[in-house]
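Chemist: Those sequence lines, one after another, are chains A and Z.
When we follow numbering that gives the first Met the number 0, the leftmost residue of the first sequence carries the number 0, and every step to the right adds one.
When we follow numbering that gives the first Met the number 0, the leftmost residue of the second sequence carries the number 0, and every step to the right adds one.
In case anyone wonders, no lab produced these hints; they're calculated from the structure.
Quick caveat: nothing in here was measured; it's all calculated off a predicted structure.
Any given hint could be a false lead.
A few chain A residues that face chain Z, going by a derived Cβ cut-off under 7 Å, partial list only [said to hold, decoys possible]:
#1 Ile17
#2 Leu19
#3 Ala20
#4 Ile46
Derived EDC-like pairs (lysine to aspartate or glutamate); straight-line CA-CA distance at most 16 Å [unchecked claim]:
#5 Lys242/A <-> Asp152/A
#6 Lys274/Z <-> Glu94/A
#7 Lys14/Z <-> Glu94/A
#8 Lys242/A <-> Glu63/A
#9 Lys123/A <-> Asp250/Z
#10 Lys260/A <-> Asp61/A
#11 Lys123/A <-> Asp152/A
#12 Lys242/A <-> Glu94/A
#13 Lys123/A <-> Asp237/A
Cβ pair distances, simulated, as ranges [stated by the list, open to error]:
#14 Ile66/A <-> Trp34/Z: 29 to 39 Å
#15 Leu142/A <-> Phe137/Z: 31 to 41 Å
#16 Ser59/Z <-> Leu10/A: 54 to 64 Å
Yeah, the Cβ is synthetic: ideal placement off N, Cα and C, and Gly gets one too.
In case you want the letters, here they are:
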Amino acid sequence: MKAWRLPPPFLLLLPAVIVLAAVVIIPLLLSFWSSLTPFRLTRPDSIYQFIGFRNYERIFTDSEFWIAFGRTVLLLTFALNLEMILGLGLAMLVERATRGQRILRTIMMFPMMFSPVLVGFQFKFMFNDNIGLINNALQSLGLTDQAIPWLIDGNLAFFAIMVAEIWSSTAVFAIFILAGLMAMPRDPLEAARVDGCTPWQTFRYVTWPFVMPFAFIAMTIRSLDVARAYDIIKIMTDGGPAKRTEVLWTLIARTGYSDAKMGMANAMSYVAILLSILFTFMFFRQLAKARAQIAAEW
Amino acid sequence: MDINTAHRIKKSLLKALTLIGLFIAMAIICLPGLWIVLNSLRPTVEIMAKPPVWIPRELSFDAYVAMFSGVGQGGIPVLEYFRNSMIIAVTSTVIALVVGMAGGYAFARYRFPFKTGWFLGLMLTRAVPGIALSLPLFFVYAKLGIIDTHFGLILAYVAMNVPFTIWLIDGFFRQVPKDLAEAAQIDGCTRWQAFWRVEYPLARPGIASAGIFAFLTSWNEFALASQLTRSTDSKTLPVGLLDYTAEFTIDWRGMCALAVVMIIPALALTYAVQKHLVSGLTSGAIKG
């Protein structure tokens, strides 16, 4: 008698499902429950007190939350698009280099080797208005004679965070796009050259469709990371000055730990997850479209 | 000027522009790193000097000596942190890659019900904000008694890395034409051999880039590590970085020195894995 066997795709996916269930799904159920309670870390018993969707109702009328929400979307949109353009440019520059490519590729990934905590400290120090590298350089070059309060002015602080974010993550796009470029078959490129395409046409109609899926995968990963991690902002400004750089995750952390309203913080997290779902879905649609264009089967 | 000269000029101009662009890009990328190295080697007075001191007057390895000189003498348990980081990052990367290859292959080669749903669902597990995850995870880990262990962090990092290793490796397996594996099977390979001899080498750039990304993610992760570790039994380097901050002051020099210690292994590993970014396809062994 032949033993009943799982079909191969399920067997192959099983390890992933097990790990994710253990580490993500179970804690997620726990935190979802706590978002329906007035849970405070200082009063552990409060986790048994069910209050339904009251936390959510309060969030929906909380303007502070929606401002942070909007600012997160702004940061995501600007940072991701700039990172993708810069990453694409970087990958193509490196791919073109004829000599020292291995070293160039390693340098290209250099910012990824900086822990986000470190990036936060590093840029906090560089943007320091008194002793920071950037003001010192500007003053030594005679471009300005007064200290620019990078992290103290609300708008500048947002800009400084964006710079740190872009500096640290352009490499993520560059590495995936470069790997895509490297895996690209050469024949279509030669064919395009024989057919007399200009470099721009070759890029637009041959190279770009090929690397696009990888760019979108990087977009998805990055959008999720930006929407969930908070190390850089936490360390650089912690949402300040006067909440001008408050984004979702600093707000959630403050609500959960400083104000000790864990239930409320978890409710906020679930609204924030909706944002991530939206972005993931959007990029997935584009990924599927990009794949359809190069006639890959889904 | 005839058309050939014009063409040649245009070509060398383009090349020069590429080189300049490359140089500027690399300079921007490297500057903060060089700044860290420089600051780890010079006295704090000079780091904080106003007006700035661009060319250091004296260099010393004091910060490094202090760091390794043991707890109680201004040092931090850097060797323990280093060992923990290494074990946790390497193990979780290898597991994430194996799980990711299995999953990515399943998505790239098989059809099954609710495929899109599974694919999206996987990635969405990464959408959970750390804060919604870390505290409940802490409770679960506390119940299981795996707080402050290597195993706990490895498990968490595998879960963090698996969604995108699957997405990425799937993407690269898709670029490998199906016919190649089928041809190999007709030539007498088993499915398993066809995978290792044909499909795997061609998807290698993707696997290598996923590996680099996974390693660096776990090497640098801070939020979960700071929650799930307690002592030198499992604290990792990014958590150790905070040993240099007091409530109102930051020991910049010590922190920079630790940063250098953190970056060097990552740099060495990335450099070593580089060569796998080039696939068999481009080396001309097989035409796609």
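Chemist: List in ascending order the numbers of the hints, as given earlier, that are violated by the structure.
Modeler: Failing hints, ascending: 1, 3, 4, 12, 15.
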